[in-house]
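Under the UniProt record's numbering, the first residue of the sequence shown is numbered 1, with each subsequent residue one higher.
Among the hints, a few may not be true.
[What the hints assert, rightly or not] Result set (DSSO-like, lysine-lysine): computed pairs, CA atoms no more than 27 Å apart in a straight line: (1) K60 / K72; (2) K72 / K37; (3) K60 / K38.
[As the list claims (entries may be wrong)] Derived Cβ-Cβ restraints for the label pairs, each shown as a range: (4) P39 / M1: 19 to 29 Å; (5) G97 / F6: 20 to 30 Å; (6) P39 / A9: 19 to 29 Å; (7) V86 / G58: 39 to 49 Å; (8) F43 / V86: 15 to 25 Å; (9) C56 / Y99: 25 to 35 Å; (10) Y99 / P65: 32 to 42 Å; (11) F6 / N40: 55 to 65 Å; (12) N66 / A101: 28 to 38 Å; (13) P39 / F61: 27 to 37 Å; (14) G97 / N40: 28 to 38 Å.
No lab work stands behind these hints: they were computed from the structure.
As the structure is a prediction and not an experimental result, all values here were calculated from the model.
We put the beta carbon where it would ideally sit given N, CA and C, even for glycine.
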Amino acid sequence: MNRRDFLKAMGFGAASLAVPGCVDGFEQLTATSQAYKKPNFVFILIDDMGWSDVACYGSKFHETPNIDRLAKQGMIFTDAYAACPVCSPTRASILAGQYPAR
1 MNRRDFLKAM GFGAASLAVP GCVDGFEQLT ATSQAYKKPN FVFILIDDMG
51 WSDVACYGSK FHETPNIDRL AKQGMIFTDA YAACPVCSPT RASILAGQYP
101 AR
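All chains should be built: construct the whole structure from the sequences, respecting the hints.
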């Protein structure tokens, strides 16, 4: 047996010992990735609505029970800026993920 054949045999032996350990780690990795759920986002975009027009933000006049329920079960967004003062470029920038053209 020459040196090259010896190194091939040792490499194959080391790889065959390492594979069962990798398989167990792979099974654990897939089990944790299946348990992870992606979050859901509900983005409500309404024209001419102020921040205090929804009950979960402090409105006493408007009743919004379904939006309030969503806010209690999840998170509420408090800081946002419109890309333009008119609605159509702002909507387009939200959908495209880019700033509106000037």
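For each hint, the structure was consulted:
1. K60 / K72: holds (17 Å)
2. K72 / K37: holds (20 Å)
3. K60 / K38: violated (34 Å)
4. P39 / M1: 19 to 29 Å: Violated, since P39 and M1 (Cβ atoms, about 58 Å apart) do not stay within the stated range.
5. G97 / F6: 20 to 30 Å: violated (57 Å)
6. P39 / A9: 19 to 29 Å: violated (50 Å)
7. V86 / G58: 39 to 49 Å: Once the Cβ atoms are compared, 27 Å apart, the range 39 to 49 Å for G58 and V86 is violated.
8. F43 / V86: 15 to 25 Å: Taking Cβ atoms as reference, F43 and V86 lie about 19 Å apart, which means the hint holds.
9. C56 / Y99: 25 to 35 Å: holds (29 Å)
10. Y99 / P65: 32 to 42 Å: At 36 Å between Cβs, range holds.
11. F6 / N40: 55 to 65 Å: Cβ of F6 to Cβ of N40: about 57 Å, so the range 55 to 65 Å holds.
12. N66 / A101: 28 to 38 Å: Roughly 36 Å apart at Cβ, these two residues keep to the hinted range, so it holds.
13. P39 / F61: 27 to 37 Å: The hint (27 to 37 Å, Cβ to Cβ) holds, given that P39 and F61 are roughly 31 Å apart.
14. G97 / N40: 28 to 38 Å: Because 19 Å falls outside the window, the suggested range is violated.
The structure shown violates the earlier hints numbered 3, 4, 5, 6, 7, 14.
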